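With the numbering used here applied, the sequence shown corresponds to residues 423 to 954, in that order.
These are computed hints drawn from the structure, not numbers from a lab.
Since the structure is predicted, the reported quantities are computational estimates derived from the model, not experimental observations.
We put the beta carbon where it would ideally sit given N, CA and C, even for glycine.
A portion of the hints provided could be inaccurate.
Simulated restraints on C-beta separations [as the list claims (entries may be wrong)]:
hint: 1; residue 1: 551; residue 2: 523; range: 23 to 29 Å
hint: 2; residue 1: 923; residue 2: 865; range: 46 to 52 Å
hint: 3; residue 1: 862; residue 2: 521; range: 35 to 41 Å
hint: 4; residue 1: 521; residue 2: 848; range: 17 to 23 Å
hint: 5; residue 1: 515; residue 2: 838; range: 35 to 41 Å
hint: 6; residue 1: 574; residue 2: 755; range: 26 to 32 Å
hint: 7; residue 1: 757; residue 2: 508; range: 38 to 44 Å
hint: 8; residue 1: 868; residue 2: 492; range: 45 to 51 Å
hint: 9; residue 1: 498; residue 2: 868; range: 27 to 33 Å
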Amino acid sequence: MLRKNKENLPDTVNTGKKKKKVPLIIGGVVVAIIVVSFAASKLTPKALPQVPVSAVTKEDLTANVDTSGTVESLKTKTYFSPVNATISQYPLKVGEVVKPGDSLVAFDVSTLEQDNQKAQLNVSATVNGSKDSVAKAAETQQKANEAAGKVPTLQANVDSYQEYVASLKTAIADRTRELTDWAKQESTDASVALTQAQADLTKLQQELEGQKAEQQQLNAQAEELKAAIAEAKKNNQDTADLERQWKDLNAQAENMDPAIDDLTSQMNDKSDEVTQLQINQIENQSAQDPTSDAQIVEWQNELESATTELSEMQSELAEQKSLANSADGAKVTEAAKAQMQATNNIAELEAASLEELLEKGKQGLQAEFSGIVSKADASQGSAASQGMELITVASNEEVAVNVTVSKYDYDKLKEGQKASITIADHTYKGTVSRISKMATTNEKGAPVIWAEVKIDNPDDNIFLGVEAKVSIETGSAKGVVSVPVNAVNTGKDSTFCYVVKDGVIARQDVETGISSSEYTEIKSGLKLGDSV
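Starting from the given sequences, assemble the full structure and let the hints guide the process.
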């Protein structure tokens with residue numbers, strides 16, 4: 423009979439968070455049962471408790487995490503209407519199974535040509551517009567490149583002509599200044615000569631007038647004497663002395679004629695000289711005008727021609743610079759090209775060729791893989807527009823169970839672990855394919871980790887959206903020291919078992935390993951043959 427050691431056995435024994443009843447093992451388990459039969463023997467007034475005892479054994483263990491989840495498809499496809507047409511056949515409903523090639527939707531294509539004619543014209547206009555924009559941009563870029571190549575040469579020519587024009591202007595200015603200075607000197611010299619000649623002429627005129635006045639006075643005196651002589655003769659007086667005086671006066675007057683003639687000749691010569699000097703001054707002033715200088719005229723003609731050419735060069739330079747700078751404004755950026763391409767794609771999608779649309783409309787929509795209709799919102803006789811969502815098929819061949827595990831088990835999961843999946847009364851093999859790294863909370867507010875277990879051998883019995891039970895194999899060990907799971911207790915500070923020693927129950931701390939549904943691995947604290 424086993425005796426309860428009150429010193430080692432607490433009033434309440436914690437046997438862990440989850441325990442399963444294990445049948446007594448005959449031959450490997452020693453069971454000490456105290457049987458008290460009140461009917462057979464009335465010697466013992468009260469029955470003692472029965473304590474099952476198991477032996478520590480070696481077992482092959484497999485650890486599992488058991489959970490449940492929802493069966494979902496890993497592959498879905500939504501089918502869109504390829505045409506603008508009326509739906510003539512829509513035979514399927516949500517939940518129906520389809521095979522590859524099965525008809526999903528059929529169309530009435532009688533009005534397709536009219537409905538798509540405008541779209542075809544639109545795509546033509548859009549594509550041609552894009553091509554035109556790109557072509558113009560390319561042309562502008564080419565012109566800009568050519569202009570950029572011309573700018574250095576044109577700039578050099580402009581700089582050269584600007585220097586040439588500046589040199590001509592400098593030469594004309596220097597020549598004009600020289601001519602002006604010379605003309606001023608010539609004018610000064612001519613003025614001095616003319617002034618002197620005019621002074622000489624005036625002096626000669628004064629001398630001539632003096633001679634003529636003196637001659638006139640002599641002639642007057644001679645006339646007076648002539649009158650006196652005539653009066654004397656009339657009075658019979660002696661006129662010899664008077665006549666002698668008269669002759670002297672006439673002789674003096676006649677002797678003055680050569681001087682007067684000489685002075686007259688000198689004055690005429692001097693007058694001609696003055697006139698010639700005046701003419702020469704006028705001619706010199708006209709001849710020495712800078713605007714009439716042959717060299718200046720030649721340079722001015724060259725300057726006018728060079729200025730005209732320079733202006734043309736500057737205009738061409740400005741034009742080429744403008745063209746060279748216009749490339750950035752006209753350049754089609756990669757973003758603009760992408761936008762045009764997207765616009766073209768949309769237009770082409772909206773307006774595929776009539777033959778293609780008709781062919782697509784005639785073909786309708788066919789299932790591309792085996793699956794289950796998961797969405798079917800359209801109806802027979804309704805109008806379908808191009809790109810409109812019509813029906814969705816979820817594969818029943820590529821399926822998985824989405825499960826959640828608690829914070830106590832998530833660290834045991836690894837991608838690639840094998841699992842057993844039970845759906846209704848069908849069992850399938852599975853593999854952990856994905857594990858979330860982000861915890862969520864369940865309906866009770868507890869943190870859980872989401873994982874995906876792919877079904878390796880699906881069949882026609884798969885139903886999407888139903889619950890499935892999943893047992894994930896998280897580890898295994900062969901021939902390890904083990905005890906029944908309900909023999910392991912978890913205390914506040916340690917894990918322990920109750921062992922039977924010399925008929926007395928005692929507490930023994932242990933180190934555990936993996937656990938199966940029936941056994942727990944004991945890494946230390948117990949040995950084979952011990953009773954727990």
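Structure-based check of each hint:
1. 551 / 523: 23 to 29 Å: violated, 41 Å
2. 923 / 865: 46 to 52 Å: holds, 48 Å
3. 862 / 521: 35 to 41 Å: For residue 862 and residue 521 the Cβ distance comes to about 37 Å; the hint holds.
4. 521 / 848: 17 to 23 Å: holds, 20 Å
5. 515 / 838: 35 to 41 Å: holds, 38 Å
6. 574 / 755: 26 to 32 Å: With a Cβ separation near 28 Å, residue 574 and residue 755 satisfy 26 to 32 Å, so the hint holds.
7. 757 / 508: 38 to 44 Å: holds, 40 Å
8. 868 / 492: 45 to 51 Å: Roughly 18 Å apart at Cβ, these two residues miss the hinted range, so it is violated.
9. 498 / 868: 27 to 33 Å: holds, 30 Å
In summary, the numbered hints that this structure violates are 1, 8.
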